[in-house]
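Student: Sequence:
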Amino acid sequence: MEAKEMPATIRLHGIRKLYRIGGETLAALDGIDLEIRRGEFAALMGPSGSGKSTLMNILGCLDRPSAGSYLLDGAEVAGLSDDALAATRNKKIGFVFQNFNLLPRISALDNVALPLVYAGVGRHERTERAQEMLAAVGLSDRGTHLPNELSGGQRQRVAIARALVNDPHIIMADEPTGNLDTKSTKEIMEIFERMHEKGHTIILVTHEPEIAVRASRQLLVRDGRITRDEGKGVAMDVV
650 MEAKEMPATI RLHGIRKLYR IGGETLAALD GIDLEIRRGE FAALMGPSGS GKSTLMNILG
710 CLDRPSAGSY LLDGAEVAGL SDDALAATRN KKIGFVFQNF NLLPRISALD NVALPLVYAG
770 VGRHERTERA QEMLAAVGLS DRGTHLPNEL SGGQRQRVAI ARALVNDPHI IMADEPTGNL
830 DTKSTKEIME IFERMHEKGH TIILVTHEPE IAVRASRQLL VRDGRITRDE GKGVAMDVV
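In our numbering, the protein residues as written are 650 to 888.
Hints may be right or wrong, so weigh each one.
[Claimed, not checked] Computed Cβ-Cβ distance ranges for the label pairs, DEER-style:
(1) V766 - G882: 35 to 43 angstroms
(2) G680 - A735: 20 to 28 angstroms
(3) P858 - R665: 42 to 50 angstroms
Hints are computed from structural coordinates only; laboratory data are not their basis. Think of the CB as a built atom: it goes at the ideal place given N, C-alpha and C, for glycine as much as any other residue.
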């Protein structure tokens, strides 16, 4: 079944995020309505200060909106407590960041296994699942290496393996190719495309049109609103 025929896994209605700065109230997000279906590959684009990172934080249950509704798999999450939000995040969402966010003093294998430690999974199963994920991203021979012994592209692959190890159905990637060379960027995007083909819902933040155009859907954020919603292959300028 194609993503367009699948039910909405994410449904936002009237999402606002307000900040008080110097006595003024500023709207980082100003009435966002958005549906993302299970299995979609969506790219969020926008200039600096557009609100795309704020939107990503709310989508990833890292922050709560000031107003509006956020249904995640049919359940309202906008008003959840910190603990409930964290539990939802850990169960349903895997994260990939521009700067990898790997712990420098532990091996690639142990970095991948970290979400399973927090989930209370036993050591044997943790190790087995982490090894499977490293193999899935082509790093089965790098498990004992520390992050500083890996290239940037390899470190990002470790981060992707870590995002996948809990088997979340949503992957959120914030500028995942921002610190990578052309060859590594191509390899990382191919991994995301394979994940998409396997049915994962992928939401990727990027400022690079050549990255966004590879997604099945492109969303342009400006001034706290979604101003364009395009399909695959449509070149969009963020300026």
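Student: Work down the list of hints and note, for each, if the structure agrees.
Tutor: Hints versus structure:
1. V766 - G882: 35 to 43 angstroms: holds, 41 angstroms
2. G680 - A735: 20 to 28 angstroms: The hint (20 to 28 angstroms, Cβ to Cβ) holds, given that G680 and A735 are roughly 27 angstroms apart.
3. P858 - R665: 42 to 50 angstroms: violated, 28 angstroms
In the structure shown, a violation is registered for the earlier hint numbered 3 alone.
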